[in-house]
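K.L.:
Sequence:
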Amino acid sequence: MPESTYPYYLANRPVQPNTDLEVTDKYTGETAARVAMADAAAIDEAIGRAVEAAAPMRDMAAFERQAALEHCVARFQQRFEELAMSLCVEGGKPIKDSRGEVTRLIDTFKIAAEESVNLRGEVLPLDRSARARGYWG
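Heads up: the sequence shown runs through residues 3 to 139, numbered per the numbering used here.
Among the clues, some could well be false.
What the hints assert, rightly or not - Within a straight-line C-alpha distance of at most 30 Å, the following computed DSSO-like cross-link-like pairs (lysine-lysine) qualify:
#1 Lys28 - Lys98
#2 Lys112 - Lys98
#3 Lys95 - Lys28
#4 Lys112 - Lys95
As the list claims (entries may be wrong) - Pairwise CB distance ranges (calculated):
#5 Asn14 - Ala43: 14 to 20 Å
#6 Val53 - Pro9: 33 to 39 Å
#7 Thr26 - Leu121: 22 to 28 Å
#8 Pro96 - Arg36: 20 to 26 Å
#9 Ala70 - Leu12: 15 to 21 Å
#10 Val119 - Glu24: 38 to 44 Å
#11 Ser6 - Ala64: 35 to 41 Å
#12 Tyr137 - Ala43: 19 to 25 Å
By construction, these hints were calculated from the structure, which means they are not laboratory data. Quantities reported herein were computed from a predicted structural model and do not represent experimental measurements. By construction, the Cβ of each residue, glycine as well, lies at the ideal position given by its N, Cα and C atoms.
Construct the complete structure from the given sequences, taking the supplied hints into account.
P.N.:
Spelled out as structure tokens, the structure:
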């Protein structure tokens, strides 16, 4: 993973303040990336923006929610190896386990997309892959 600098996003805009967190490669001990750190004011703004977004999100039609979640699935699939490698380098996980976590991420968003047009307040089986056998949510 080449060293990179990543912003955080606030109200759908990238923010790159002067304070970064160095992400250390757990295998080499070298800096793998730098991630922008939000200060208290940015966190307060993010909370305010989330509160403002609650009503519009609640008012979205089911097909709109589904489309947004399907978009996430597609992006996670496109970046599968990149996401897995990030977990491996940052968390020190074996690549096999990291790929399993990304698969679980994709499965979770697939379930959410499918169920977003069929909400009934139920508990759902999450066993869309072998890794999730026996899980409910």
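K.L.:
Against each hint, give a clear statement of whether it holds in the structure.
P.N.:
Evaluation of the provided hints:
1. Lys28 - Lys98: holds (16 Å)
2. Lys112 - Lys98: holds (21 Å)
3. Lys95 - Lys28: holds (9 Å)
4. Lys112 - Lys95: The hint holds at about 24 Å.
5. Asn14 - Ala43: 14 to 20 Å: Once the Cβ atoms are compared, 18 Å apart, the range 14 to 20 Å for alanine 43 and asparagine 14 holds.
6. Val53 - Pro9: 33 to 39 Å: 23 Å Cβ-Cβ, so the 33 to 39 Å window is violated.
7. Thr26 - Leu121: 22 to 28 Å: Violated, at about 42 Å.
8. Pro96 - Arg36: 20 to 26 Å: holds (25 Å)
9. Ala70 - Leu12: 15 to 21 Å: The hint (15 to 21 Å, Cβ to Cβ) holds, given that alanine 70 and leucine 12 are roughly 19 Å apart.
10. Val119 - Glu24: 38 to 44 Å: holds (42 Å)
11. Ser6 - Ala64: 35 to 41 Å: holds (37 Å)
12. Tyr137 - Ala43: 19 to 25 Å: 38 Å Cβ-Cβ, so the 19 to 25 Å window is violated.
Checked against the numbered hints above, the structure breaks hints 6, 7 and 12 and satisfies the rest.
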